[in-house]
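We have chain A already, so just place chain B on it with the hints.
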Amino acid sequence: MMGDAIVTLLDVDKFFGANHVIKKLNLTVQQGEFLTLLGPSGCGKTTILRMIAGFEDASAGSIEVQGERVEDKEAFERDVNTVFQSYALFPHMTVFDNIAYGLTVKRVPKQEIKERVKEMLALVQLEGFEGRRPDMMSGGQKQRVAIARALINNPKVLLLDEPLGALDLKLRKQMQLELKRLQKKLNITFIYVTHDQEEAMTMSDRIAVINNGILEQIDTPKEIYKHPKTRFVADFIGESNILEGQVLDCQDGLCRIQLETGMVLLQSPNRKPADPVMICVRPEVMKYERSPVDGFSLPGTIKDIIFVGAQYRTLIVLENGMEIKVNRVKPEKDLKEGDSVYLYWEPEDALGIGDLKQGGSVNEQQ
Amino acid sequence: MPKHKRERKKRIGQRIATGFALLIYLFIYAPIAVMIVFSFNDQETNYFWNGFTLRWYEKLFYDSSIVEYLWVSLIIAVSATILSVIIGTLGAVGLVRFEFKLKKLVNQSLYIPIVIPEIVLGISLLILFDFIKLPLGFIAIILAHVTFCVPFVIIIMRGRLAGLDLSVEEASMDLGANRMTTFFRITLPMLLPGIISGAFMSFTLSIDDVIISNFVAGPYSTTLPVKILSLVKTGLSPEVNALATIMILVMLFGILANSIVQAVLRKRASTVIKSYF
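Protein sequence lines correspond, in order, to chains A and B.
Per our numbering, residue 17 is the first one in the first sequence, and the count goes up by one each step.
Per our numbering, residue 38 is the first one in the second sequence, and the count goes up by one each step.
Here chain A stands alone, though its shape is the one from the complex (with noise of 0.2 Å):
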């Protein structure tokens, strides 16, 4: 599925004013791949696209699709093509003219336009819609327009600007397999960005985690949540338990990790004697007792049991009243709120995150 690059940024910086909102970013776009960009708002995700689509200009770097640079060219030179948060259908024409729209500036023979607006219609399954107006249509319907029209000019990559923002949770799921359908069936590339992880996890091919105009880590979504490369991708990627401390000693890749509560076990190569470290260890792998265990484990107080529906979440509070999530697909029997407990993990299901010196700099970011 993959093959060579077709977007390919070069150290690109972008000001707004004084605002640096893109840093020295570098990043690869593989022909044919799904790729998101995820992060919090205000991360500069969007603007990323934007310079991509030609709509914002890099202050500094390169931007090159197929090969080719394309700083200096207008949007409407370039091969990308953009489905719009808001959707941005031409609210004074039909369906029809929205999805020919792009032929039609570009005086595609009359037959041809109807020819292939009825082949996009059929993609996105709106057939007999070609008459309707934008606002006598759902949010949903609108959304299928939109890629339509994008579609129509056979880009070579596909810009979406989270489409699926503005949808129901159960629009939005099903719209999310059909997107990812659309991609694999017409092999296009996707830049897809979004906010919500879960999305970007169920996507993607690859995900592209940026934060504060930096690109955090990219990776395939199971690299991404098994091996975060720094303490926010952790956090940001699914549900964490982020502890810190410091390497006592190393043997054979498995560490003794001295924290402010007690000591630990992490499986992890190439650290040092004294050196920091982050452990960043998931709800689902927390596991607890009413006495100690072998190895290790970090006295603790129920907090709160909550069930949220698919399982139980427990709230456990540290003894420096750090407050560790652990989730149940079934509640411990006799347990309740208050009791002591002792935490502790298998080694090789906690992670260890990257040095601390990067992760510190983006936790003054949360």
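A few of these clues could be false.
[Said to hold, decoys possible] Partner residues are not named here, just some residues of chain B that face chain A (Cβ under 10 Å, in silico):
#, residue
1, Gln51
2, Ile53
3, Arg195
4, Leu198
5, Ala199
6, Asp202
7, Glu206
8, Ala208
9, Leu212
10, Ala214
11, Arg216
12, Thr218
13, Met227
[As the list claims (entries may be wrong)] Computed footprint of chain B on chain A, listed as stretches where at least three residues anywhere in the stretch have a Cβ under 8 Å from a Cβ of chain B:
#, segment
14, 113-127
15, 132-144
16, 356-366
Rather than coming from a laboratory, the hints here were simulated on the basis of the structure.
Beta carbons: idealized from backbone N, C-alpha and C, even for Gly.
Frame of chain A; chain B shown alone:
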């Protein structure tokens, strides 16, 4: 019983409200109605009814000078409208789309020509035109009318532009349309209802202006309202009633035309726009 009482009270309240509304309409339209009725009165004075006649209209029709005044008014109104719409639309684009120093001040100062007493505006324009040695007459009246029409156009267009989603224009360019095409196919059609409203507004303001026109009019450039005013000075005549009635009809037609155009634009915008190309 309390429920019954409550309903009765409500009914009485509604009746009072309806009666009050009727009184307001009577207050507004009674003078106009009286004038229209007397324009058909077979009697020189406006005191009592003496039978139906069309002779005042006939007299107007044969009075060629009235037609001339009407032409003057129309030419001035159309010129002022075209200029105001162009200047006002561009001004609104500048005020909405661009950031600059003193933008707030410029925005606020738009209201000055609207709230300033017309007589003050008339005198100041007269002084200005005299100072720059612009001869009074046609051009002076058109410029004066543009002065008070432009703020209205800007205010209408500003609202329209503010409600315009910028990404719609971006979408057009994204799909391969250059700036010109985007302007003519997307921006202009979306602004059209505002432009038409602004044009009707300017036309209406210009065609019935008396005070300012009176100040800056020269020989051979007397507008119809100015002429009517001078006619009335020598006493109310049924002829004036007839003339005013005709003007009301023209205005009604204008309002009607505007609503129809707006409705058509809303419903069949796509086809209307296509006919432009």
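Evaluated hints:
About 35 Å separates the beta-carbon of Gln51 (chain B) from the nearest beta-carbon of chain A, more than 10 Å, and the hint is not met. With a least beta-carbon distance of about 39 Å to chain A, the hint placing Ile53 (chain B) at the interface is violated under the 10 Å criterion. With a least beta-carbon distance of about 19 Å to chain A, the hint placing Arg195 (chain B) at the interface is violated under the 10 Å criterion. This hint is violated: Leu198 (chain B) has a C-beta 14 Å from the nearest C-beta of chain A, more than the 10 Å allowed.
Hint status for Ala199 (chain B): violated, given a least beta-carbon distance of 15 Å to chain A, over 10 Å. With its C-beta approaching chain A no nearer than about 6 Å, Asp202 (chain B) sits inside the 10 Å limit, and its interface hint holds. Given the 10 Å rule on beta carbons, the hint for Glu206 (chain B) holds: about 9 Å separates it from the nearest Cβ of chain A. Interface hint status for Ala208 (chain B): upheld, as the beta-carbon distance to the closest one in chain A is roughly 4 Å, under 10 Å.
Because the beta carbon of Leu212 (chain B) sits about 4 Å from the nearest beta carbon in chain A, less than 10 Å, this interface hint is met. Because the closest C-beta pair between Ala214 (chain B) and chain A is about 4 Å apart, less than 10 Å, the hint holds. Here the hint on Arg216 (chain B) is kept, as its CB sits about 8 Å from the closest CB of chain A, short of 10 Å. With its C-beta approaching chain A no nearer than about 6 Å, Thr218 (chain B) sits inside the 10 Å limit, and its interface hint holds.
Because the smallest distance between the Cβ of Met227 (chain B) and any Cβ of chain A comes to about 6 Å, under 10 Å, the interface hint for this residue holds. Check on the segment 113-127 of chain A: 5 of its residues sit with their Cβ under 8 Å from a Cβ of chain B, so the three-residue criterion for coverage holds. With a cut-off of 8 Å between beta carbons, the segment 132-144 of chain A has 0 residues touching chain B; three or more are needed, and the interface restraint is violated. Coverage of the segment 356-366 of chain A by chain B is violated in this model, with 0 residues showing a Cβ closer than 8 Å to a Cβ of that chain against a need of three.
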